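K.L.:
Make the complex out of the two chains shown on their own, each in a separate frame, by following the hints.
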Amino acid sequence: MSDELLRLEGLEVHFPIRRSLSELLRRRPRNVVRAVDGIDLTINKGEILALVGESGSGKTTTGRVVVKLTRQTGGRMIVGGQDVTNLWGTAALRPYRRRVQLIFQDPYETLNPKHTIGDFVREPLEVMGIGTRDDRGQRVLDALDAAGLRPAADFAARYPHELSGGQRQRVVIAGALVMQPEVIVADEPVSMLDVSIRTELLRLMLDLRQERGLTYLFITHDLALAWVLADRIAVMYLGKIMEIGPAEAVIRSPRNPYTQALVSVSPSTDPPEGDAPDERMILAGETPDAAHVPTGCRFHPRCPVAFDRCRTAEPPLFDVGGGQQAACWLAEPGARPADPPSA
Amino acid sequence: MTTSEAREGSTAIRGRRQWPLPKQAVPGAPLLEVEHLSVRFKMASGPSVKPVDDVSFRLDDGEALGIAGESGCGKTTTALSLVRLLPANGRISGGSVKLFGIDLVPKTERQLARYRWREISMVFQGAMNALNPVKRIGDQIAEPLEVRLGQPRDASLKRAGDLLELVGIPRQRASAYPHELSGGMRQRAMIAMSLACDPAIVIGDEPTTALDVMVQAQILVLLEKLRRDLGLSLILITHDLSVIAETCDRVMVMYAGKVAEEGPVRRVFTAPRHPYTAKLLSAFPNIRADRRNLEVIPGAPPDLRTPPPGCRFAARCDKAMPQCTTEVPPEVRFSDGVRVACHLFPPGSEGSLAGDAAKILVASSMPATPPPGEARP
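Chains as they are written, first to last, in this note's numbering: chain L, -14 to 328; chain V, 31 to 407.
So here's chain V without its partners, still in its complex pose (with noise of 0.2 Å):
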């Protein structure tokens, strides 16, 4: 029995693993695994371009990673190259992309087509621009099952407005158009179309960004709900580290195109080992911290035309010692899962964790500097 005729015989929504494997699958291989992974845009003048530098990360099923770091890091043309998404100057240069074992990165632009959607959807960030404006949104979700899985016009348009009720739309809404809903109600259709083949992984590309905070909070107790009913598994790429630690496992924090630390969020957030994860985490403005200590991350990130011999963060680091400007930093796996790429863990220090991150954790919660105006009227 394949995929797709297993696939047309009920409209459940019930996650991906009840579909079988696609036959390459390698048994017992991992979700997704990326070795490796390197791309390179092609600019008009100039050397080319290294947006994603060696990136290595795996997704077990059910699981929810967070990929985050500033705008221009790498983060977004990560996700997309998974799917080969990538801009018309743009290709992968080097490593492997495993879904079941299975190597996307050789095939063809046909061979991956069946890949798109099916095991691998998408949510985008600007809801209005992903939506298209002049069909019912009905029509949209039920478009995938129709050409993807080559299912009946009527059990499409059925299975969408089941989906629609999955995400906390009444199903009557499926006539409306894009315009008709609001920010929040198009985000939910998104998330319902990406749903709409089963998929084995959704991506969403800062999901909530653009939606006001208790919109943000509803659509994230969705993406929970989803996650436990249908065993979701997420990669959530997003600047904003407060939905990273709400709905992810893990945590992968880029830097310049390079994996600064990865790991299960508690341990990263809690316990910051790279000091630009700790730098970021203390430049977000909670309510529930103390008032005008946020930290500052002096400088930006560095022209990728021309990436820095040594640790691309070297130059904005307060930590910076004579060989983070000169070699790149290896990077290190601790036992309790967190891997990190800095010259203050250099190889062999994985024992002496409780010291280090000790030394580490003293040092980023020092207050900082107060500002100069922090003298109250």
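Excised from the complex, chain L in its bound form (with noise of 0.2 Å):
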């Protein structure tokens, strides 16, 4: 199963900063963000990509240009073998919206509260003016039961002040269910719910791949998330792919050092040893603001092996095998190891 089904080709999402007056006046050139700052990705049918960044590493951005709600400023975007790149205006983009579903964060703000869990559900194919009457009645029926709230009847006539966090957050997967989409793309689905909800919700996104055999895009700040769902993982830092490659290689044996810190502060429930080593790699200061990108590698900054070309020259992703890539200096052929990072 390599059928390709998504691909961006060096995405680009800028966003203008405004100038002030005085700026204006001293014709200092518009500043920008650099939101997304090219990046390239491809997707197979089937498939659960984990795109992982903290915020402000434009995951969610790049999430919006996959779903039409953001144009991206440069580069190129290829769904099912389609350019959709330049897919724009509400009837233009409706075939492709119901191939691409975005499921959201937060499922208290995303229901409206006057509006039955049936209501919500059914709205999507009328805009669309998908079926008949009945059959707008089965589809939502099918999509409830298929996101597990059953009877689903029941559920129908229920309003969502009636229903628990996370019955909510299959409400809103069922909202999207029931276009039949191809793919869904989900930013932070679970990030709402206690630990224990999580995890009956990632099960069912796992079904449901299953089932309908459906191709996700998963983006989340947390790496342990994506470990549990996703097939590959690629790490974002102020709008790069630093790191991206099977689940498995990225977080056992990862190449790029701003990885190998996320994975020394994944969380944990083992308490700490008394004596053992602190091996946590605990990166000093925030993400920069992504107006004023570092030179070189963008990482840099906060990189504890950094050395001269990385201020410099920006590393593109090197391959390292098994289909794992890394941007990063240290990782390309002939490279010699990283030296551990001094304290």
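Everything labelled a hint here was simulated from the structure, so no lab data went into it.
All values derive from a computational prediction rather than experimental measurement.
The beta-carbon is built from N, C-alpha and C at its ideal position, and this holds for glycine as well.
Treat each hint with caution, since some may be false.
Chain V stretches covered by chain L per the calculated footprint, using a threshold of three residues with CB under 8 Å from any CB of chain L [said to hold, decoys possible]:
1. 240 to 249
2. 261 to 271
If you want the ones that stay clear, here's a sample from chain V, every Cβ over 10 Å from chain L, calculated [stated by the list, open to error]:
3. Glu65
4. Asp84
5. Arg88
6. Glu93
7. Ser123
8. Pro163
9. Glu173
10. Arg178
11. Arg183
12. Gln202
13. Lys255
14. Glu276
15. Thr300
16. Ile317
17. Arg321
18. Asp348
P.N.:
Shown next as structure tokens:
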């Protein structure tokens, strides 16, 4: 199963920043926020790709471009062999929106408290003018059932306040399923939920992939969730992909120091051993502002193993074998292995 | 010498222990002892709700206690009731909260005010919402010093600068407004504010929840440093068990307003006895563990308007026995400092710790049924 379903080529989203009057008078060039700064990505049919990054990494913007809520400023997007880069406008996007659906983060904000669950799930069908009245009713029930809200007819008549957080998120999933999409972009779909409920929803997502051959772009800040769910993981930092590869490889043998740091601080419920050395790589500072991206490798100011070259030249994604790629000069074929970070 | 006189002279940040205890303090009493605490919320219609029901715990000097559980299990309400910051329809309906042996429950609002912030301070979850957006952070940190301790403004501001440095913010940033700081910086500023009056206890309500992993790691390192340097006593409320694993000495797991299990973190997290604790731990996604064998806790916590008779977890428990749905499990205390309320550990089973714990451990470490999505493409 390696039929490519979605491909991003050199995708760029730059948001212009308004200049102040004094900057205008001094004819300063217009600065931009480089939210997504040239990424290449492919997702195969039936695959779950996790896009992992901290806030400001551009992961959500990437997701919004894929569902056509944000316009890219550069690069191409190909879905199912069709170039959809310049597909815009409500009418033109209609067939596209049936194929690619978005699941939002917050099930409390997404649902209208005055509409029943059935209304919420039916709405996209009506907007798109799909099916007859009876058809729609049946499709709504099927979607609720597939999302695990059973008996579906009973749930369809309920209001959001009657549901728990986990059930609400299932309703949001049903709202996406009712369109029978091929691709689901899920932006932090379980982050608002308790740990105990998360698992159920992750399993639901895996089941739906199995039953319906769904493809997911799973956007999360939590490396552990990506590990649990995804086939492949892409780690983003300041608008670039720093490392991408099979989940097993990215987590167990990360090659980019940024990924290594993220893996080392990923939360665990094992209490630290009293005398064991602290192996966490805690980076100082925070992700810089995407309006002022550092020169060279954008991670170099926080990188514990940065050297001269990192300050001047930006590393491309180097193949490190097994389908894994890392954007780091230390991953360049023939590069000497990284020195252990000095404290 | 009263507490406030002693505090006026110095701006050094040395933690609670340097100040004399309040006059009514009972010599030798534990720092904080909560016994049979119950909180009742009056509802607009229908019966009242008990979000905290007969909860007991203690916190010793310099200790960090984590309170864990799902949303709605009563962990935040428990902490808020210590300083009676309950919503208008809530009140403490029973039990005692003893700080240095002084019971805070019968105190009037006015009497209680002297304990808030000076003896027990709080770090709230959303630092953006908890900080005043139109005041400079230096002024906000100095405010409790002026208001609560009556210190002069310049001394308060100087100490605010010291506090900022202590939490890793350059003191020049004291003139910044909250929106000029990043999320991690704001959380640091909140921590600085909570330390302003050298309190005996700092309560952190989900102090790292909205932060990025790297910033969360930085804040946890800061908390560890403050504990070490100031001998801080901490109560951390969080649904994130990893935060407790990393920073706390003891953990109290709550479920539906009651204590399910409490004890040293190492004991509870490596050998959970209550099935709820075991489930919570195995539902936690961990990159160091195998993939896709996460546990599911079916169902949802009970509606507290009509709490089930017997054990409140029984309906979701895969080890439930007939008596679980009828009898409230009594609390059993083991010799290793763990106490559990579960019928799997009836009174008298303390002695057979090894056997029973082994039984539970075997049961809970069995691989979960693989999810249907297990097959890899």
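K.L.:
Give a verdict on every hint.
P.N.:
Quick rundown of the hints versus the structure:
1. 240 to 249: With 7 residues closer than 8 Å to chain L, the region 240 to 249 of chain V meets the three-residue bar; holds.
2. 261 to 271: Satisfied; 3 residues make the cut.
3. Glu65: holds, 27 Å
4. Asp84: Check passes; 23 Å lies beyond 10 Å.
5. Arg88: holds, 20 Å
6. Glu93: Consistent with the label, Glu93 (chain V) stays out of reach of chain L, its closest Cβ about 15 Å off (over 10 Å).
7. Ser123: Holds: least Cβ distance 27 Å, greater than 10 Å.
8. Pro163: holds, 20 Å
9. Glu173: holds, 27 Å
10. Arg178: Per Cβ check, Arg178 (chain V) is outside 10 Å of chain L; nearest 32 Å; holds.
11. Arg183: holds, 32 Å
12. Gln202: holds, 17 Å
13. Lys255: holds, 12 Å
14. Glu276: Per Cβ check, Glu276 (chain V) is inside 10 Å of chain L; nearest 6 Å; violated.
15. Thr300: violated, 7 Å
16. Ile317: violated, 5 Å
17. Arg321: Violated, because the least Cβ-Cβ distance between Arg321 (chain V) and chain L comes to about 6 Å, which does not exceed 10 Å.
18. Asp348: Given that every Cβ of chain L is farther than 10 Å from that of Asp348 (chain V), nearest at about 13 Å, it holds.
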